[in-house]
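One line per chain: the protein sequences are A and H, in this order. Each residue of the first sequence is one higher than the last, beginning at 1 in the numbering used here. Each residue of the second sequence is one higher than the last, beginning at 1001 in the numbering used here.
Everything labelled a hint here was simulated from the structure, so no lab data went into it. Please read all numbers here as calculations on a predicted model, not as lab measurements. Built from N, CA and C at the ideal position, the CB exists for glycine as well. Fair warning: there could be bad hints in the mix.
[Unchecked claim] FRET-style restraints, in silico, Cβ to Cβ:
| no. | chain 1 | residue 1 | chain 2 | residue 2 | range |
| --- | --- | --- | --- | --- | --- |
| 1 | H | K1193 | A | A468 | 54 to 62 Å |
| 2 | H | D1163 | A | W291 | 47 to 55 Å |
| 3 | H | K1161 | A | K166 | 55 to 63 Å |
| 4 | A | S331 | H | Q1160 | 52 to 60 Å |
| 5 | A | Q317 | H | G1121 | 22 to 30 Å |
| 6 | H | E1156 | A | D195 | 44 to 52 Å |
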Amino acid sequence: MGSSCGRVCWKWRSPLRRLAGFSRLLSTAALAPQICVVGSGPAGFYTTQHLLKHHRLARVDIYEKLPVPFGLVRFGVAPDHPEVKNVINSFTQTAHSDRCSYYGNVTIGKDVTVKELQQAYHAVVLSYGAEDNRILGIPGENLSGVYSARAFVGWYNGLPENRDLKPDLSSETAVVLGQGNVALDVARVLLSPLDILRKTDITEGSLAAIACSKVKRVWLVGRRGPLQVAFTIKELREMINLPGTRPLLAPADFTGLGDVIKDVPRPRKRLTELMVKSALEKPGEKEAGRWASATKEWGLKFQRSPLEVLSAADGKQARGIRIAVTRLEGSGESARAVPTGEVEELECGLILSSIGYRSLPLDSAIPFDPKLGIIPNSLGRVQGEPGLYCSGWVKRGPTGVIITTMNDSFDTAQSVLEDLQTGVLNLSSSKEGFKSVRSILHSRGVHPVTFSDWEKIDAAEVARGKLAGKPREKIVDPQEMLQLISH
Amino acid sequence: MEAVLDFLPLSAVLIPQKLASLATKKERGNIKQDSASMMARCAPRLIRPLLNGLNLGKVQSFQCLRIAEHSQAPASLQPERSFSSTHRLHDVPRDTGSADRVTVHFINRDGERLTATAKEGQSLLEVVVNQNLDIDGFGACEGTLACSTCHLIFEEDVFQKLDAITDEELDMLDLAYGLTDTSRLGCQVCVKKAMDGLTVQVPMEVADMRRELEVGKQSK
């Protein structure tokens, strides 16, 4: 394949463009690729950004199931991590491009099918992420007091479907199953001083519930050891320094680790060193003072795998969890936890399973691998489906931070651009884009929410937030959102 | 033909640098080099940008601030920003002299050399944003140490002379792809006069590596 740059190839593909003026009239309408992106989170927006930047004529329409955009940036990133949400500024700029349109309140697979989108657009990119979570698959999982971390995060972040979660925060001890960044997020929100939380964009309802919370102690329980924790150092450091709390790290879990990590890559090494230091070294004076006066605590329990959630006398409420003690086979990232036969019980009234998000199949016509929870693809091209692409978590699996998704989305966009260049995507058939989708939606009684509609909702949230000293007060009822924009 | 570009000012941001009260040892030079091949120029992109395309907007000039060591900062600081999407750009005032202008070269992922003149005191992120340099996805978190997209690779001798790296920067750098012994985050490195003629490398990303592997496989 030649390495000629896009500019040269573009001129090659459209000899008509050489005729000034006349060619512009004839060629532009026929040759402007119409592309649609399903999902308005980071994957959707970064894919769109890359397409618009690297193709002068492409039009991209972004569809979103909720009235409001931005996906996990709005509903996943913790309220006390506002800097991470700065990417919204970049996405907003993209949405303002005259070659980009946002259509919220449209559920692909229900209001319009993927096949119908493929008839309207030259290329369809599926970037709808992971809306579900992995289940524990243990008895008692459905008892009151047991929730997925995903639902809990959705609850405090104002995700409409989780607004009525009403988590039971009446017991002193909470157990989080999993040791990733989401686990740390939920532990931190449970234990953060209210002064900090009340200045964030955490929802009013969840703040009120947390203000009445009795939770004093949070255990993060993992099947494997300290060398396999999935959280990252910035989040761990934040937890260690959380005002009003003290860490509970068993020295026995960390003795001797310092030697083991001498040659591991720097990120793992520094992360482990921080845990080891916190567990084994005498704290400095200030820290010792803080820990001594702390009213809340959090800790890490390793090599414990959940077997069963135990119920209280009424048979409905969780009162504890039975866990198997494991040992490790192998080492490093690929170590496996194997039961030893020993079993323990941990008393707790709140259990949050934080073992991973999970994608769902959108439309029965789209290939989906239920085992891996992804759409089968190669470099973002959906297998066996020309013109169909995917990016983000639904392509790779539900892990990674925004930069991971950014690169992945650029990668998929690159595949689309290549296919445009080489003619795999046939531009000679002109596509109507939103024009045809609009009539389909109209006939089904669906009213899309535009980006400027979102900006009205945004302005209302910011105004309400200002009254409460918060960056915004999120509206959690989709009906209220639609009423605000008179739909 | 340049399209009309709508500049959105990102007004002065404080870089919230949470100092860890724990790990006090500053790590320098004790970094495992993950992949020497990251330094190599990557294959030219199949499609080069046709336009300057979308811009992050201009960052108003600000000093590289470091928050005092004794700051009792809460879990995370809210950077002070007033961001309005309807604001048009107001230009950073141009200096009359070239005295505090510093030339910086960025070697992009496709090998292209992008040259910019920077003002002393600007961070390299500001330089990229203000000069609209065509580097995909650079500076996602707008200089708040919440991502690693402004990761840059320096020459050894320049690297050694940079201001000491903090734990907060190291924490984010740890997540960067293609980390090297001479990597830093562009938002934390401020331009000095002595850096005139500086050349930095924009690292390849994992997606680029995977693509190269795929292309390599197919051509066999």
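The hints, checked one at a time:
1. H:K1193 / A:A468: 54 to 62 Å: Check failed, 47 Å falls outside 54 to 62 Å.
2. H:D1163 / A:W291: 47 to 55 Å: violated, 32 Å
3. H:K1161 / A:K166: 55 to 63 Å: Distance hint for H:K1161, A:K166 holds at roughly 57 Å.
4. A:S331 / H:Q1160: 52 to 60 Å: violated, 35 Å
5. A:Q317 / H:G1121: 22 to 30 Å: violated, 60 Å
6. H:E1156 / A:D195: 44 to 52 Å: The hinted range 44 to 52 Å holds for H:E1156 and A:D195, with Cβ atoms some 46 Å apart.
Taken one by one, the earlier hints fail for this structure at numbers 1, 2, 4 and 5, listed in ascending order.
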